[in-house]
Amino acid sequence: MKGKASAFDVALVGIMVAVIEVCKIAMMELPNIELTSFWLLIFSKHFGNKVYFVVPVFILLEGAVFGFGDWWVMYLYSWPLLVLTARFFRKSDEPLTWAMISGVFGLLFGFLCAISKSLFLGSIPAAFAWWIAGIPWDLVHGAANFILMLLLYKPMEKAITQIKKKAF
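The sequence shown begins at 30 in the numbering used here and counts up by one.
What the hints contain is simulated information worked out from the structure, not anything from laboratory work.
Quick reminder that beta carbons are idealized off the backbone N, C-alpha and C, glycines included.
Don't take each hint at face value.
As the list claims (entries may be wrong) - With beta-carbon atoms standing in for the labels, derived distance ranges:
1. Gln191 - Leu148: 21 to 29 angstroms
2. Met57 - Ile176: 12 to 20 angstroms
3. Phe157 - Arg119: 15 to 23 angstroms
4. Lys33 - Pro109: 37 to 45 angstroms
5. Lys187 - Ser152: 13 to 21 angstroms
What the hints assert, rightly or not - Simulated pairs of lysine-lysine, DSS-like, Cα-Cα distance not exceeding 25 angstroms:
6. Lys193 - Lys33
7. Lys120 - Lys187
8. Lys33 - Lys53
9. Lys33 - Lys194
10. Lys120 - Lys79
11. Lys187 - Lys33
12. Lys33 - Lys183
13. Lys79 - Lys33
14. Lys195 - Lys79
15. Lys33 - Lys195
16. Lys194 - Lys183
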């Protein structure tokens, strides 16, 4: 998006945010199983700098829908970190590479939460204890992210490649 964003760019960002949000809401009953990581990685790989507009819109929408609690502060740096990581690996076509990135992010999610929790809990030891207590959930998160990426990577690569040929 150099200079002004076109109507197409704005619509594309809106569609990406909608896909992420719909999947998040549809899966919210599943503990630590989500597609947000998957979509941000895929969108980062395929839509370049446009994803830098997706992340803040998604984060603001999350706050508007679910409230601006202490969990929301963590979103301000966690999702951008994932997108920056994805942009670094964007030329990789290996499903295992993307599954590892997604899985590691899931494993580290609780640690990333603990960073902002230390501000709200008032101490680093309390945040550390909070993080350690949540490690079983981080294991579920990491495993789910890894498996979902392995299962969905190739079909989504094919679908997005076809869409891009027709739309761009």
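**Message:** Hints numbered earlier in the text: which of these fail when held up against the supplied structure?
**Reply:** Violated hints (numbers, rising): 1, 3, 4, 5, 8, 11, 12; every other hint is consistent with the structure.
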